[in-house]
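Trainee: Protein sequence lines, in the order shown, are assigned to chains L, H and A.
In this text, residue positions in the first sequence follow the working numbering: the first is -4, and each later residue adds one.
In this text, residue positions in the second sequence follow the working numbering: the first is 317, and each later residue adds one.
In this text, residue positions in the third sequence follow the working numbering: the first is 4, and each later residue adds one.
Every clue listed holds true.
In the DSBU-like style, the derived pairs of lysine-lysine whose C-alpha atoms are separated by at most 35 Å in a straight line are:
#1 H:Lys408 <-> L:Lys169
#2 H:Lys471 <-> H:Lys446
#3 H:Lys512 <-> H:Lys471
#4 H:Lys493 <-> H:Lys446
#5 H:Lys471 <-> L:Lys169
#6 H:Lys485 <-> H:Lys446
#7 L:Lys169 <-> H:Lys446
#8 H:Lys512 <-> H:Lys485
#9 H:Lys512 <-> H:Lys493
#10 H:Lys408 <-> H:Lys471
#11 H:Lys408 <-> H:Lys485
#12 H:Lys493 <-> L:Lys169
To be clear, the hints were calculated from the coordinates, so they are not data collected in a lab.
Because the structure is a prediction, the values reported are computed rather than measured.
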Amino acid sequence: MIGQLLANGIILGATIALGAIGLTMTYNILDFANFAQGELLTFGAYFALIAVSAFAGVHSTFGALSFGWPMVVALLLAAALTSLLAILVDWLVFRPLRRSSIQVALVIASFGASLLLRHLVVLIWGPQPAYYTTNIQISTQILPGVRVTPDQIFLVALTALLVVGLHFFLSRTKLGKAMRATADDPQLAQVTGIDVARVVRWTWIVGGSLAAVAGVLYGMTVQILPEMGFNLILPLFAAAILGGVGSVYGAVLGGLVIGIAENLSVLFLTPTYKPAIAFLLMIAVLLVRPTGILGKPKL
Amino acid sequence: MSLLQVDQLVAGYLRGVPILRGVSLSVAQGEIVTVLGPNGAGKSTLVKSIAGLVPVFGGHTTLDGQPLGNLPAHRLIAVGLAYVPQTNNIFKRLSVLENLEMGGYPLRGRLDARIARVFDLFPELLPFRKQAAGRLSGGQRQMVAIGRALMVDPKLLILDEPSAGLSPKLVAQVFSKVRQIRDAGVTVLMVEQNAKAALQISDRGYVLAEGRERIQDQASALLVNPEVGELYLGAKGKLL
Amino acid sequence: MSGVLSYLVFFLTTAAIYSIASLGLNLQWGRTGLFNIGVSGFFAVGAYAYAILTISPLTGQPGLGWPVLAGLLGAMVAAGLFALLVGIPTLRLRDDYLAIATIGIAITVQLIATNEPELTGGTNGLFAIPQPVAGWLHGSGGVAFLILVLICVALVYLALERMIHSPWGRVLVAIREDETAASSLGKSAFSFRLQSLVIGSMAMGLSGALYAAFIKFISPQDFLPIFTFQVWAMLILGGSGSSAGALLGSLVVWAIWTLSGGLIQAALPAKLQVDSGAIQIILIGLLLMLVILFRPSGLLGRKRPAVHRSTVPSKEQA
Ligand SMILES: Nc1ncnc2c1ncn2[C@@H]1O[C@H](COP(=O)(O)OP(=O)(O)O)[C@@H](O)[C@H]1O
Ligand SMILES: [Mg+2]
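Chain L with its partners taken away, still in its complex shape (with noise of 0.2 Å):
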């Protein structure tokens, strides 16, 4: 039972992680809370829909998988169209705002943008939830007790390729360090001679794609629903607040932690209350060590 719980919540924590590290990329970078990172999710899941009813024709599964080559093309444009959508949303919503430095604007904005894309969502696909296939999957036993489908294992596998390729990009290229930079000072880069308007768009571009592959994945092992990425916010930012704001690993282990606490919480209460979990450790975490567990103390 908990073991499987345990992978429950990991597979759970997987998707979660890829979206809160968008959120805590652009928390760190343009400084404010994006209530609009959830409905990226909502995106990116319906995006991939477009592409897999296109080639509803075409039958390709790889190996055990539910999928074939329809859902890999889907996750690229998936990834495309969500960081297109976040650039956009940013260059009409949040740039003017940035620009007139009236920050807190800002996150009433995004805040808007979020109950705005929601509604546009039911307006173009309906409210209805929607699902990639209709392939049932057989779950094999993995662990004595803990049983998974080869898509919760593709999941789980990709988004650690996705945190390691990421790591080696923030780390390793001239692009990624600038990003860095530039969370860390933004006036600093701009005397250095980053162009950090090209940073912030590269921000929403990383953040919307692995958004994207989140709302993909959440749709492949859940389903689709216009609230899926509501539904998810407090997820998004207990991981980022409890890995601390600005520290993309911590946001991985803040999915964790989230995921697996949610999945076990469903010992003691009903399941519809996992979303709660996540703000009730959220705010023990801002009790205890606001800065969370990675995050670095006030200098």
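Use these hints to put chains H and A with the ligands onto chain L, whose structure you have.
Mentor: Coordinates of chains H and A with the ligands only, in the frame set by chain L:
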């Protein structure tokens, strides 16, 4: 002709509230020029507006004959201007090496040779190259900041109070590095509170007060100018 | 009573109920700089508390059958308690943590409302909620209740104005305006902020209680984040910092909201009407952007901008 020419510069943080009310100065190729002045005189504002970080309302600035007027801060590197802010002048969470790499951000190609040159100038940083710059001592941080700015081989290096908060021994060390940098062919414009030590290595100096340059002269002359002592030290008490 | 007139009564009652919530938000955000984006949560707590306290147990629902006045007071107390719960862990931290925590409480309140049928009626909600002064003025189609709501608005307005202009209120503004003033007050700055959060949330709770009494039926669907957005729009448009602005903003935004809703119903094909909310949000959102960019003090705000200082006192606190 001078390398940097500032004519009647009017600048400030809010429209209608100019901090600089018509400042003129020039820096010739190969000089070290120091701007002195009491706290709040607008020294940092002056160099920030040259570096494109403060809105300019009037006046004219050229570097090597090129107008700097409307260039955004991140483009100034390309015309040969490197600026080290008074505070927050290093990327604290990046390693020393990464700080230098960021200094060379606008450049294409490998940076190894330039990084090696910075470490030649500041050998004391070598043991800390992989450490987060935020964990270094004050003097070391200042060296990282200057090293970062030197990565692009600037024509003009602007330093805002490089000796602030350092012990007298470190002050002397930093100023001797500044001389070395100038001797290697980089022109230096420096803001300082540490008037005496700064003037000793400078060619010329300006005294800024209430948003205007009040006095300009050879450094050696300023050192013995009683008016400088009066304006500079006296004002410190009154203006604050 | 004619249809138009009774519609007007309905419209005014709703706008007035909203305005109580925006008066509360004005104290929190406009005067103290507190970032509450869980307005719908405190509103819901007030509504449910009122319903549970006043509904007659004879209806077979969870209800205590208390008098309506006790219900209204209980709703305010309940909302204030929730504010304490949110404020204590977050008011010492950077401002957007409060934002996250308040949206957290709003979501949690919704979860409880949905999942505890013995307490809240679950997704079916609660019905037969008693309305004060219902039979008065010969059952005048709600005019009596409108008058009651307007009296509540006036009382809240006067009470908050008195507080705002007392020394206490000036400390709030000082804390908002000046970080150093805030930190020199040290511990007591925290306590002032907490008081402001609690009192503002009590107004939101009262607003929720009046809503429950007005509609007589509540379910979790009534307390979505869109409500928070509307109240914020009212405050920013009207002029954050000004109680009169909050009142005017409520009227204007609610008028735009209802009119645009009506127009959408009339003009758009049925297929697109499924979610007229999207179009209304774009409309209000656009208006808000324009206000923030070009008239940051709102319609009635003071000269200082409605949306001031950065969320982020300093990077080091992150
Ligand atoms: N970011 C800012 N916004 C508004 N005013 C500022 C800012 N920085 C400095 N000032 C004001 O500009 C004036 C000059 O400051 P500054 O240039 O830093 O002086 P100095 O470097 O000579 O000590 C001071 O009155 C200061 O209050
Ligand atoms: Mg200065």
